[in-house]
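Colleague: These protein sequence lines map, in sequence, to chains E and A. First residue of the first sequence: 1, per the numbering used here; consecutive thereafter. First residue of the second sequence: 1001, per the numbering used here; consecutive thereafter.
Honestly, the hints are just simulated from the structure, not real lab data. Virtual Cβ for every residue (Gly too), placed ideally from N, Cα, C. None of the hints are false.
Some chain E residues well away from chain A (every beta-carbon gap over 10 Å; in silico): (1) 125; (2) 132; (3) 135; (4) 150; (5) 275.
With a Cα cut of at most 35 Å, we get these calculated DSBU-like pairs of lysine-lysine: (6) 1071(A) x 1004(A); (7) 1079(A) x 1122(A); (8) 1136(A) x 29(E); (9) 1079(A) x 29(E); (10) 1004(A) x 29(E); (11) 29(E) x 1122(A); (12) 136(E) x 65(E); (13) 1079(A) x 65(E); (14) 1136(A) x 1071(A); (15) 65(E) x 1071(A); (16) 1136(A) x 1004(A); (17) 29(E) x 136(E); (18) 1079(A) x 1136(A); (19) 1122(A) x 1136(A); (20) 1122(A) x 1071(A); (21) 1122(A) x 1004(A); (22) 65(E) x 1004(A).
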Amino acid sequence: MFAYPTYFVLFGLVLTAVLGLLASWVDRKVTARVQYRVGPPVLQPAIDLVKLLGKETLIPAGAHKPTFLAAPLISLAGVAAVSTLLWITVLQPSRGFTGDVFVALYLLTMPSLGIILGGFASGNPVASLGASREMKLILAYELPFVIALFVPIILSGHAIRLPDIAAHQADAGAFVLHPSGFLAFLAALLCTQAKMGLVPFDVAEAETEITGGPLVDYSGSGLALYRLCKNMLFITLPLFLVVMFLGGITLSVLGIVYGALKLILVVAVLTLIRNTNPRIRIDQAMRFFWFPVTVVALAGVVLAMVGW
Amino acid sequence: MGMKLSALLKSPWVFHLSTGSCNNCDIEVLDCLTPRFDIERFGMLLAGSIKHADVLLITGSCNRQSAERLKRLYDSVPKPCLVVAIGECAMSRGMFIDSYNCPLPLDHIIPVDAYIPGCPPKPEAIIAGAVQLIEKVGAAT
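So that you can see chain E by itself, here it is in the shape it has in the complex (with noise of 0.2 Å):
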């Protein structure tokens, strides 16, 4: 249908752009009913990145400018890359490759890893200690992520193409509704939670004691790249989600429709998450994710092997 550059552009980055900005404006406003409020108009996300666009944008004197510069747009084509993955296996499954699994597994690393260098290049002492925060983050949710995601491949009958995973769903019903699939769904849920650096996983931004970590330094379009990205990612980790476990997205107008309400529904699960929890300390993440939650996925992978 489209060259691999059109789907980057097209969808990657606009069509991501456009529902992550619409899905991070029913975060904040979910948010806001949930504490009683108005809430923010739906252009708001759209406005705050132009916004800051126009603003100046300053580089501190001790930074390593070039590093400082391109550390967001290290984040950016992560997450755009995923998300052209992702788009691809909804729109010409035919176009998937072998092993686009793994291949979207590690750039779906690339946003943090921007993060971090961007936190550490900036050599700002409290960006340094979100980016070290950021690190032992990554440590904590990518063990039990990559084993939620064995899940979801061994059900499939060893399929490491994402489009032979949702094909497979299609065909059987989607994966969250094996007990396997469920536990394997839940740590990946939390995993997300934690990838996204939401709250009680915002350890490294943590507004109130290390105000916005990493991010403490960018001003004007830095900072835009960065919000760009953030709200890229709560579109496209809810979509590999759905891609993963919950049946994916298939190309008629009754599952456009369910598409989008399981992508709705993810969004919105992990904005009750972050809105009904406090922040935990980065020992505490790390004991979680290492113990409850890699015990969950294993878990969920000794049921997937006996077939359940």
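Got chain E sorted already, so can you dock chain A onto it with the hints?
Modeller: Leaving out everything else, chain A in the frame of chain E:
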């Protein structure tokens, strides 16, 4: 009006800066964020870092210690930015006008765009001041 500025007026992130206030104005500023007043309706968010701020909300009478720091902080806000003086002390130094420790009023140190009187001003007054400031800047450009 340029797109830059119209976007800024629709999403002014505020940074709250106390230059030696008695904490009353600061509590009233925080009240604006509560569900009752909900300034996120207007796109306002409380910024944690000065580099993310568009509007400085300054309270307090600006003593010798904080005046230097205030200048330094004003220089590190990415421009364009707006400054709002909140409360009697920030406007005219209030009861500290004759104090040895408050040599200059705030608007002699940095340019101020809006003044919100009161000791402390009510959250309604702060929101009304913010809306008037947005209208003033919008009309001026």
